[in-house]
Amino acid sequence: MLWVALELPALPLQIAERAGACPEALVIAEGTKQRPAVACANAAAKRAGIREGQAVAAAKALAGGLRVIERNPDAEREALESLAAWAGQFTPMAVVESQGIVLEVQACLRLFGGHAPLTSAIARGVRALGFHAALGIAPTPLAARVIARAEAQGLQVRACLDPADLRSRLEDLPLFLFDWPERALARLTDLGILRVKDILALPMEGIARRFGPEIVLALGRLMGTHADPRQPYAPPPRFRSRLELPAEAEGVEALLFPLRRLLAEFEGVARGRGAGAQRLLLTLEHGRKARTRMELDFASPEREPDFILSIAREKLGRLQLAAPTVAISLRADALLAYVPRTAAWLPGAQEQAIGRERLLERLAARLGRDRVFGIAIANDHRPERNWGRTPFKGEPPIPLAERPIWLLQRPQKLVTDSGEPMLQGALSLRAGPERIEAGWWDGLEVARDYYVATNPNGESYWVYREHRDPDSWYLHGVFA
Amino acid sequence: MKATIAALTQLPGVWRGGELEHVIHPTIPTGHRVLDRELPGGGWPMGTLSEVLHDGVGIGEVGFLSGALARAAEGDRLLAWINAPHLPYAPAIAQAGIPLERCLVVRPANREDAMWAAEQALKSGACGAVLFWLGQMKDYAWLRRLQMAAEAGRAMAVCFRPTEAGSLSTPAHLRVVVSSEDGALEVRIPKRRGPPLATPIRLGSAAPAIAASTRTPVRVPLHVVAVS
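Going down the list, the sequences are from chains A and B. All residue numbers for the first sequence refer to our numbering, where the first residue is 1 and numbers rise by one. All residue numbers for the second sequence refer to our numbering, where the first residue is 1 and numbers rise by one.
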């Protein structure tokens with residue numbers, strides 16, 4: 001087993017600043033209503049001298065116009081769950097923890113080409129979502145979390161891939177990285193037990209008696225001597241995400257950056273399910289004014305952020321927004337099976353097919369579906385009726401090879417001479433075979449190889465041979 | 001000295017003023033031999049912008065290109081008709097040998113959308129030919145953008161403009177003026193990669209170029225006026 005832990009320090013602040021850094025001072029408050037304290041402060045607030053743990057009243061004295069946001073544990077949990085859903089594209093085993101997630105990656109290392117490409121892909125993806133995360137890799141989930149936490153604190157720990165290295169990697173780490181009870185940690189500090197190696201050197205029975213059995217259990221799970229079963233997070237079969245903008249956004253261009261973040265998240269979630277969405281709902285919230293809703297419809301399920309963004313850009317460009325936007329949300333109610341575009345053997349053909357599909361989507365998105373169409377002929381003599389608009393499909397009709405003028409009502413069995421068909425002399429096959437194999441679905445199955453055959457008199461016939469009985473030839477048409 | 005000049009003329013994009021340009025852009029035959037002889041590379045250029053100037057509709061200003069259009073649609077590429085003055089008439093297009101199922105008609109609401117649609121169609125690489133009518137558009141920068149898009153998408157880009165645009169400079173590599181003389185189509189080439197064409201050429205009749213192959217004696221208009 002190999003676990004990757006993602007630790008998101010100052011998570012409430014990250015959620016608040018996900019759509020872009022807030023230029024003015026911003027703090028997250030927690031604690032009692034009477035005396036709220038600063039849980040985390042953004043860069044501008046820290047510059048003003050605000051520290052974590054300060055009373056909010058004191059912080060307000062330091063920075064005028066300080067924005068205070070109440071800490072919301074539900075939103076944090078939701079953010080971690082959406083991150084776990086996003087991580088479903090890397091592994092099915094994504095577990096939500098406090099302040100982070102852990103992923104089991106042993107089984108998917110091969111797919112991503114080893115742990116280094118995988119972790120860098122995860123780190124890149126997390127950044128694209130607008131989060132900062134510290135990564136830890138270890139053979140046990142707890143060790144991975146501790147390493148990620150140490151990383152978040154600025155301690156350098158090398159990735160640990162082999163259970164045999166676990167002890168040497170962990171032994172110098174301080175004990176305050178663990179989620180242990182405050183009392184136990186304080187007593188350990190009083191005894192001069194500060195690092196992992198100190199506590200591992202002690203007899204376990206004594207630790208269990210003095211500090212409680214959960215610490216022994218945690219050490220066992222850390223070192224991999226105790227089982228540490230985890231329940232993977234099962235995301236709901238739809239996508240919903242909302243992003244509050246750091247400042248009110250005028251116009252549409254400012255929305256593209258946060259929208260890209262939402263689309264990156266959507267792509268991860270959809271990829272984890274092998275799905276895409278045929279309809280996406282984008283909602284712009286304008287504070288007190290009515291929301292603006294926009295539907296993005298595609299011909300087939302889509303999930304690529306660049307493409308969806310280019311469509312959304314065209315649609316957004318046509319909008320007249322009544323008021324500045326304060327938040328955007330993206331919703332997909334149905335996740336449908338996504339058909340990845342298969343690579344073509346010949347270069348160029350694939351790009352062309354994608355280009356065509358994309359071109360049609362793009363034109364229809366901006367101009368409207370009724371302004372982009374194909375044309376077809378109808379069977380009528382009246383000029384205004386012998387053509388029609390058709391929704392553009394770009395599919396050619398069934399190509400037909402050479403066809404005879406006369407078709408026999410019933411195919412006629414031909415005489416054969418040592419397997420070769422005869423009709424007023426030996427028939428020589430001029431063109432073919434053209435295989436027609438159809439109708440297996442309605443009980444009138446046809447499985448034949450058709451040929452154009454000529455006899456010594458220069459007469460051309462349309463003949464076929466049955467698949468089931470390759471020696472029997474039939475005449476089916478005459479090239480009159 | 002002579003050797004140096006000879007070497008220079010081998011470079012792509014360099015040619016003597018008196019000669020037609022050596023092919024750098026692939027071309028497709030238009031089906032009119034007289035016209036092909038006068039076009040650099042022996043055919044209508046692909047991957048670059050070209051202009052057809054004409055006054056009035058109905059002189060065969062689209063029809064004389066039908067041979068080239070049929071070939072441009074080969075390899076499963078689209079033909080986009082953007083902002084055409086009328087609706088392309090399906091039977092005529094089929095008669096001209098152009099595969100109907102590859103024709104994409106785009107009727108934008110305004111000129112800005114039309115230019116955007118033309119750029120998108122050219123850039124996508126999915127189109128073999130993009131025909132667009134921009135009316136009185138005089139924006140050089142936009143034409144330049146379309147020229148770049150045509151290069152990127154390696155498509156045949158034909159811009160139809162009124163003859164008065166002939167006095168304006170153009171980023172297009174080929175500019176053709178067509179007019180009707182006694183029922184025949186007269187073609188002048190004021191701009192090409194080479195010396196301008198001195199004497200106009202006449203294309204026998206303005207009938208669809210490869211209509212003969214479709215065994216249809218009756219002529220059908222290429223466009224119908226929109227009823228709705």
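Errors might be hidden in some of the hints.
Quick partial rundown of chain A residues pointing at chain B, CB under 8 Å, derived from the structure [stated by the list, open to error]: (1) Ile199; (2) Leu200; (3) Leu202; (4) Phe257; (5) Arg356; (6) Arg358; (7) Leu359; (8) Ala365; (9) Arg366; (10) Leu367; (11) Arg369; (12) Arg371; (13) Phe373; (14) Ala376; (15) Ile377; (16) Trp387.
It is worth saying that the hints were derived from the structure and are not from the lab. The beta-carbon is built from N, C-alpha and C at its ideal position, and this holds for glycine as well.
Inset, instruction - Mind listing which of the numbered hints don't hold for this structure, in increasing order? - result: 1, 2, 3, 4, 8 and 11
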